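K.L.:
Each protein sequence line maps, in turn, to chains A and B.
Heads up: the first sequence begins at 1 in the numbering used here, then just goes up one per residue.
Heads up: the second sequence begins at 1 in the numbering used here, then just goes up one per residue.
Calculated directly from the structure, the hints in this document are not laboratory data.
From a predicted model like this one, the values you see are computed outputs, not experimental measurements.
One or more of the hints may lead you astray.
In silico DSSO-like cross-links for lysine-lysine, where the CA-CA straight-line distance does not exceed 30 Å [as the list claims (entries may be wrong)]:
1. B:Lys485 <-> A:Lys6
2. B:Lys290 <-> B:Lys236
3. A:Lys76 <-> B:Lys236
4. A:Lys80 <-> A:Lys92
5. A:Lys73 <-> B:Lys485
6. A:Lys6 <-> B:Lys492
7. B:Lys286 <-> B:Lys247
8. B:Lys485 <-> A:Lys13
9. A:Lys13 <-> A:Lys88
10. A:Lys3 <-> B:Lys492
11. A:Lys8 <-> B:Lys492
12. B:Lys485 <-> A:Lys3
13. A:Lys73 <-> A:Lys92
14. A:Lys76 <-> B:Lys485
15. A:Lys88 <-> A:Lys76
16. A:Lys13 <-> A:Lys3
17. B:Lys492 <-> A:Lys13
18. A:Lys163 <-> A:Lys92
19. A:Lys163 <-> A:Lys142
20. B:Lys492 <-> A:Lys80
21. B:Lys184 <-> B:Lys139
22. A:Lys8 <-> B:Lys485
23. B:Lys492 <-> A:Lys73
Here chain B is said to cover these stretches of chain A; the calculated rule only asks that three of the stretch's residues, wherever they fall, bring their Cβ under 8 Å from a Cβ of chain B [claimed, not checked]:
24. 5-18
25. 28-35
26. 47-61
27. 118-131
28. 146-154
The beta carbon of each residue, even a glycine, is placed where N, CA and C say it ideally should be.
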Amino acid sequence: MNKSQKIKAELFKDIIMGIIILSISVGCFFTYNPADAPLEVGTGGMTFATYPLAVASLLTILGLIYLLSSFLKYIKNSSKFDLLSNIKNAVKNNQSLYFKRLGSVILLIIYARMIGEINFFISSMIFLFTAFYLFERRDYLKMSVLSVLGSGFLYALFIYFLKLPI
Amino acid sequence: MFEGLIGGFANCFDPINFTLLFLGTFLGLLVGALPGLSSPMAIIILLPVTYSLEALPALLVMIGVYVGTKLGGSFSAILLRTPGTPASACTAIDGFPMAENGQASLALGYATYSSFFGGLTSWIIAVTCIPIISAVALKSSNADIALIGIMGLVMVSAFTRGSMLKGFIGVCIGLLIGSMGMDKSDAIERFTFGSLDLLTGVPFAAALVGLFGFSVVLSDLSLMKTTSQLITEKFKIELPSFKDFCKRWRAWSIGSFFGAVVGAIPGVGADGATWLAYGTVKNNSKNPEKFGLGEPDGVIAPETANNGTTGGAMVPMLTLGIPGDASTAIMIGALYLHGLQPGVTLMKTGAEVVYGMLAGLLLAGIMMFVIAMGAIRFFVYILRQHRSLLFPFVMVFATLGAYASYNEIFPVYAAIFLGVFGFLMEERGFPVVTIVLGVILGPIIEYNTRIALQVADANWLTFMDTLPRIIILGIIIFLVFNEIKQGLIREKLSKTK
Chain A
1 MNKSQKIKAE LFKDIIMGII ILSISVGCFF TYNPADAPLE VGTGGMTFAT
51 YPLAVASLLT ILGLIYLLSS FLKYIKNSSK FDLLSNIKNA VKNNQSLYFK
101 RLGSVILLII YARMIGEINF FISSMIFLFT AFYLFERRDY LKMSVLSVLG
151 SGFLYALFIY FLKLPI
Chain B
1 MFEGLIGGFA NCFDPINFTL LFLGTFLGLL VGALPGLSSP MAIIILLPVT
51 YSLEALPALL VMIGVYVGTK LGGSFSAILL RTPGTPASAC TAIDGFPMAE
101 NGQASLALGY ATYSSFFGGL TSWIIAVTCI PIISAVALKS SNADIALIGI
151 MGLVMVSAFT RGSMLKGFIG VCIGLLIGSM GMDKSDAIER FTFGSLDLLT
201 GVPFAAALVG LFGFSVVLSD LSLMKTTSQL ITEKFKIELP SFKDFCKRWR
251 AWSIGSFFGA VVGAIPGVGA DGATWLAYGT VKNNSKNPEK FGLGEPDGVI
301 APETANNGTT GGAMVPMLTL GIPGDASTAI MIGALYLHGL QPGVTLMKTG
351 AEVVYGMLAG LLLAGIMMFV IAMGAIRFFV YILRQHRSLL FPFVMVFATL
401 GAYASYNEIF PVYAAIFLGV FGFLMEERGF PVVTIVLGVI LGPIIEYNTR
451 IALQVADANW LTFMDTLPRI IILGIIIFLV FNEIKQGLIR EKLSKTK
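Working from the sequences, and respecting the hints, build out all of it.
P.N.:
Pasting the structure below:
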């Protein structure tokens with residue numbers, strides 16, 4: 001991929017981000033008042049809705065500017081851009097990194113779930129060992145020792161010493 | 001003021017507080033030396049540890065980390081050419097060539113000396129300015145506080161890296177996150193999506209952990225495979241002679257000046273200060289051609305500026321509740337988590353904490369100097385360790401930081417969501433510090449605007465009633481228009497290219 005194509009690929013990502021920002025801002029207009037409360041103006045001339053709607057309006061304007069400027073730059077760039085092959089290349093070149101990122105998020109969700117359900121020491125030990133594995137360590141003895149000692153240290157620090165209600 | 005400061009020192013010399021400050025500084029040096037882990041991340045790691053502490057001890061740990069990371073970053077910059085923190089990138093330009101020329105120990109000595117000196121100078125400026133500004137700020141009314149908050153948001157958006165448009169978008173997203181939950185004035189739900197967990201809004205700890213913890217881990221996973229190759233195996237810190245250091249007065253005075261002044265401007269942070277100081281010293285040097293080849297002034301200027309920002313950043317944070325950088329943003333969050341209200345009233349309601357923090361800032365600078373001299377070999381040993389051993393522990397601490405804030409899983413889920421979102425934003429060049437600032441300042445701005453309008457009987461002209469308000473409005477308008485103008489110029493230049 002040459003420099004111009006790279007720029008175009010980055011601009012495409014900017015467009016996607018612009019769409020996300022715009023979706024958030026427009027979504028705010030439909031979700032700011034989940035209880036359907038009446039809009040009664042108070043003594044100061046503001047209601048509970050004034051501030052979030054003002055911010056959402058500003059975000060919509062800014063999001064539109066960002067999206068339009070990215071889109072115009074994208075159109076002006078004359079190099080060829082094939083979305084599918086770009087995605088394929090990115091996945092192929094960064095497979096391990098993407099896997100680690102996705103794995104980290106999933107692992108964190110499972111860990112959070114485990115803290116609430118099972119013992120903190122055991123859940124931390126499992127998490128640490130799995131995370132070491134995810135980050136491509138294969139020295140199992142060192143991983144096991146670090147997981148056990150690390151969890152023990154964390155347990156002693158937070159439960160015994162700091163007395164956090166975990 | 002002196003009484004307060006003496007009281008602050010007395011509090012810091014309490015054995016537990018002193019030990020915590022020492023440990024914080026030690027950890028700061030350690031984390032700062034590790035490329036990819038910065039000061040905000042280190043403070044986030046410590047967040048769960050501080051929950052069971054009183055406000056002052058908790059903040060002293062954070063101040064120790066804040067000061068320690070500034071110097072720690074230069075270790076890897078000099079020995080590896082890989083800056084430990086973004087602000088140390090400038091130090092690598094001349095620090096690494098010095099190490100290549102066999103002067104690694106001296107380069108580390110210059111960095112340590114300069115960091116200490118920069119911190120000391122900015123501390124003097126901070127303790128002089130804070131009581132004066134606080135005395136004026138205490139007279140602020142609701143309208144003033146709202147305007148100061150807006151000015152802080154605009155300044156951070158304007159001065160953080162990248163475009164103001166991206167900064168503003170980040171701020172708006174932060175403001176919306178901050179408005180989630182029950183409205184304080186009318187007790188009506190906003191953006192709760194029918195969730196009971198969201199009635200109290202997004203937990204502050206979750207926002208901090210997500211945006212400064214998880215998002216950084218996700219981003220830094222790309223560094224996982226990098227290994228650290230040291231330029232030399234034999235080193236210690238060799239301090240330059242005092243005479244030699246004094247001879248280089250131009251470099252350290254310029255560095256100290258930029259550190260203190262730029263540090264006090266919300267949003268610019270140490271990165272901007274170091275480059276400004278380096279550029280100025282180089283341009284004013286009789287031998288600018290020597291820069292980049294191992295010129296000691298090229299280490300002194302950025303390092304004094306780097307640590308000089310610590311005192312500068314404290315000024316808007318402790319007087320106006322506006323953070324100078326990401327680390328002070330988290331400290332503002334810590335003040336909230338410990339039941340204190342940051343802002344113009346902090347000097348009135350939490351003077352003991354303010355003076356304790358100021359005393360801690362000076363002591364942390366001294367500790368940083370002593371620890372660096374004694375334990376440089378240990379830091380370099382850690383620096384050579386593989387990150388795959390470190391990141392899982394960072395993730396555990398960050399998870400606990402969110403979990404222990406409410407003792408519920410919900411803040412962890414919120415932190416993970418915000419972490420992924422923050423990571424995506426950072427990847428596209430949106431500074432996440434603007435989001436956090438929006439979360440912090442949003443409720444303050446809204447509350448004070450509503451009160452000000454109630455007092456003025458819904459007259460919006462109340463925001464132009466007094467000279468200070470007109471000046472603040474003028475600054476806001478100037479910053480916005482100037483940034484639009486700069487953006488248009490940049491656009492024109494890119495078209496001509």
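K.L.:
Counting residues of the segment 28-35 of chain A whose CB is closer than 8 Å to a CB in chain B, do you get three or more?
P.N.:
holds (count 6)
K.L.:
Next pair to validate is Lys88 (chain A) with Lys76 (chain A); report whether the Cα-Cα distance is within 30 Å.
P.N.:
24 Å, holds
K.L.:
Would you mind confirming whether the straight-line C-alpha gap from Lys73 (chain A) to Lys92 (chain A) stays at or under 30 Å?
P.N.:
Given that 30 Å is the threshold and the Cα spacing comes to 27 Å, the pair holds.
K.L.:
Mind taking a look at whether chain B covers the segment 146-154 of chain A? Criterion is 3 or more residues with CB to CB distance under 8 Å.
P.N.:
As far as the segment 146-154 of chain A goes, the hint holds, because 3 residues have Cβ atoms under 8 Å from chain B.
K.L.:
When you check the alpha-carbon spacing of Lys8 (chain A) and Lys485 (chain B), does it fall within 30 Å?
P.N.:
Roughly 26 Å between the alpha carbons, so the hint for Lys8 (chain A) and Lys485 (chain B) holds.
K.L.:
Closer than 8 Å, Cβ to Cβ, for at least three residues: run that test on the segment 5-18 of chain A against chain B and report holds or violated.
P.N.:
holds (count 3)
K.L.:
Take the C-alpha atoms of Lys6 (chain A) and Lys492 (chain B), compute the straight-line distance between them, and say whether it is at most 30 Å.
P.N.:
22 Å, holds
K.L.:
With a cut-off of 30 Å on the C-alpha distance, tell me whether Lys492 (chain B) and Lys13 (chain A) pass.
P.N.:
23 Å, holds
K.L.:
For a C-alpha distance cap of 30 Å, please report whether Lys8 (chain A) and Lys492 (chain B) respect it.
P.N.:
19 Å, holds
K.L.:
Are there at least three residues in the segment 118-131 of chain A whose beta carbon sits under 8 Å from a beta carbon of chain B?
P.N.:
holds (count 4)
K.L.:
Given the hint that Lys492 (chain B) pairs with Lys73 (chain A), test it: the Cα-Cα distance must not exceed 30 Å.
P.N.:
Distance of about 13 Å is within 30 Å: holds.
K.L.:
Quickly compare the C-alpha distance for Lys73 (chain A) and Lys485 (chain B) to 30 Å and report which way the hint goes.
P.N.:
19 Å, holds
Checked against the numbered hints given earlier, the structure breaks hints 3 and 18 and satisfies all the rest.
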